[in-house]
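Protein chains in written order, with the numbering used here: chain A, 316 to 492; chain B, 68 to 259.
Keep in mind that a hint or two might mislead.
Keeping only pairs whose Cα atoms sit at most 30 Å apart, straight-line, the calculated BS3-like set for lysine-lysine is [said to hold, decoys possible]:
hint, chain 1, residue 1, chain 2, residue 2
1, A, 367, B, 76
2, A, 451, B, 161
3, B, 135, A, 419
4, B, 135, B, 188
5, A, 347, B, 248
6, B, 97, B, 196
7, A, 345, B, 161
8, A, 348, A, 419
9, A, 347, A, 451
10, A, 367, B, 259
11, A, 347, B, 259
12, A, 345, B, 135
13, B, 188, A, 367
14, A, 345, B, 248
15, A, 347, B, 97
One-sided excerpt, in silico: chain B residues whose CB lies under 8 Å from chain A [said to hold, decoys possible]:
hint, residue
16, 75
17, 79
18, 110
19, 134
20, 138
21, 154
22, 248
23, 255
24, 259
In short, the hints are calculated from the structure, not lab data. Positions of the beta carbon are idealized from the N, C-alpha and C atoms, including for glycine.
One-letter residues, chain by chain:
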Amino acid sequence: MHPLNINQKEQEYQQLGAENIDSFEREYQKIKKNLEKLCIETKASAVLLIDKAGQLITSSGDTSSLDIPSFATLSAADFAATSNLADLIGEHDFSTLFHQGIAKSIYVSLIADQVILAVIFPKETTLGLVRIKVRKASEEMEILFQNIFAELESEYVGTVDQEFIDEAESELDSLFE
Amino acid sequence: MSLINYASKEINCKIVYYGPGLGGKTTNIKYIYSKVEPQSRGRLMSLDTELDRTLFFDFLPVNLGTVKGFQVHFHLYTVPGQVYYNASRKLILKGVDGLIFVSDSQIERFDDNIESLENLKENLSEYGKKLETIPMVIQYNKRDLPNIVSIAELEETLNSRGLFSCEGVAVDGIGVFEPLKSVSKEVLRNLK
Numbered sequence: 316m317h318p319l320n321i322n323q324k325e326q327e328y329q330q331l332g333a334e335n336i337d338s339f340e341r342e343y344q345k346i347k348k349n350l351e352k353l354c355i356e357t358k359a360s361a362v363l364l365i366d367k368a369g370q371l372i373t374s375s376g377d378t379s380s381l382d383i384p385s386f387a388t389l390s391a392a393d394f395a396a397t398s399n400l401a402d403l404i405g406e407h408d409f410s411t412l413f414h415q416g417i418a419k420s421i422y423v424s425l426i427a428d429q430v431i432l433a434v435i436f437p438k439e440t441t442l443g444l445v446r447i448k449v450r451k452a453s454e455e456m457e458i459l460f461q462n463i464f465a466e467l468e469s470e471y472v473g474t475v476d477q478e479f480i481d482e483a484e485s486e487l488d489s490l491f492e
Numbered sequence: 068m069s070l071i072n073y074a075s076k077e078i079n080c081k082i083v084y085y086g087p088g089l090g091g092k093t094t095n096i097k098y099i100y101s102k103v104e105p106q107s108r109g110r111l112m113s114l115d116t117e118l119d120r121t122l123f124f125d126f127l128p129v130n131l132g133t134v135k136g137f138q139v140h141f142h143l144y145t146v147p148g149q150v151y152y153n154a155s156r157k158l159i160l161k162g163v164d165g166l167i168f169v170s171d172s173q174i175e176r177f178d179d180n181i182e183s184l185e186n187l188k189e190n191l192s193e194y195g196k197k198l199e200t201i202p203m204v205i206q207y208n209k210r211d212l213p214n215i216v217s218i219a220e221l222e223e224t225l226n227s228r229g230l231f232s233c234e235g236v237a238v239d240g241i242g243v244f245e246p247l248k249s250v251s252k253e254v255l256r257n258l259k
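For reference, chain B alone in the conformation it holds in the complex (with noise of 0.2 Å):
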């Protein structure tokens, strides 16, 4: 659940990427910072390893400004998608309000997607949560590579539910705010 201070007036969203190790969710908020005007985002945090996997998480905290009195942020993390990393990745989850699956399009990791979508699901239940009651939205991302799989097939195997989804070349930028708007726009109306 969102945090509403009435005291000091904040309401802070937590808005989760998830996806496979090396799909590109780490690339997906370091874009995002660098297009948002300084002023409404603080640092971008990334605890990695030498090898630029993310260990822990990255963090970025946006300001959507004031609304109605009350300051609005949004806090954006990524969680290491490497499967041997499932406790950190866990802990990411807590109090999490949108998610963002960062599919990567490409045939070989297309299992991957589905392990971690399913890894997704089994680490919200140990939280008393159900997928489905948490706004989510899918980018199906490196569409730019050769050997991809179609955007019906993953459609199909991803998306049975009809979810905002779209394609993505995150390290052009290209369909990186559109599902961080969606997501973004569905736990504000979530909070009603």
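Pulled out of the complex, with its shape left as it was, chain A reads as follows (with noise of 0.2 Å):
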């Protein structure tokens, strides 16, 4: 990115209010990183990280034929549901799921305990060699996204004032009409 590009988007965000934003950022751009290499290793079609609640929080590789919220929300269900059941036979959790498909199948794991990881990936790549590389890519996702929770207390404080409910309430009116 170009040093005045870099420099703006610091802006914009301490306009927001937001001090912790820069290495928020850095942090973000560093598991964005994870994801690409992770989706380059084990040539999935997409990786994606998604929150427990079913919101998306970033994703690799081509999405662009993907239903991605309707994805998302799915994938926290499945990991919610299936939690459950472990709780059923008295098993904490389950800590992946894999479900196998004819050309494409999707591995889920849970990292640092609240983000899920979706790796979709084709027949030519194995379920072990998917594990292997999740494993890792997580370990080093969790300790980003500690360091992401520990900010995101402060950082929450100062995006939403009064003008950003007018306005949004304003929208909300034509939207609902």
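With the hints in hand, could you dock these two chains into one complex?
As structure tokens, this is what we get:
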């Protein structure tokens, strides 16, 4: 990225009142890089990070043909349902899920106990390889996420001010007429 | 807590329609789907049984547009109302930002409303949350039917906190957008 652009971005964030946003952004970029690497190493068509409430955090790979909101929601629901199944047989959690298809499969795992990682990979890639690469990437990302969670509290303050709310409410009024 | 993603500049809010079985939660969300411009909403996803009862949830993403540089999305969910499906109902409440309680106005369903509201409190408490801390509105649905409880009685029983409430005939789109708008605004104010 051009230095000027970085500067502009920092200014934008500062206007939002988020003091720790630089380090947040840095951690986020590292996570993005980890995802890209994982995507290449597993030949995955896409790798997605989703929060437990079913909202996409970020992704890598080709997601143009994927209905992302639906995918994120179902992945979170899938994970939550399976956790409850685990509970029923006295397990704390099933840390990974695997859905095998003919051409594509999905491998789902949990990072830092809060973030769901879903890898969509082709039949040419073995499950064993995906497992190993996901484990390695997860270890790296776990540290990054813990840093982000620690910072989130302070960043949360200040983004949404009265002006934001007024504008959002007016958008709501026109959308839900 | 709504997810504010600073890097991708998105804010996602999760709104859940709760209430007794066959009370009209899915009808609400289907009406919204039919009325919101296609460019402002995603696909309506329903996970239901062959008998048209919601098995897991219905899901509709709605895009509010860009506000001060942030893309604001509302994710609307319904829960299965039947007592039997409590496990999946509880899952949907995870990370909820706002609630629309869809009550069934029919006399014979009166107790089901109370039971559902109690169930909501119990399920939230398992996540360590109190109902009072989450923005909530109430829709008294099926007001077009003949055999219904009076609004005064419903208010007294279900709305002791004096929350926003309105009468609804969800099949005809009456009283569908008002509660959604009301709770969405409260969720946004809660972000502050």
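Index of numbered hints that the structure contradicts, given in increasing order: The structure breaks hints 3, 4, 5, 14, 15 and 20; every other hint is satisfied.
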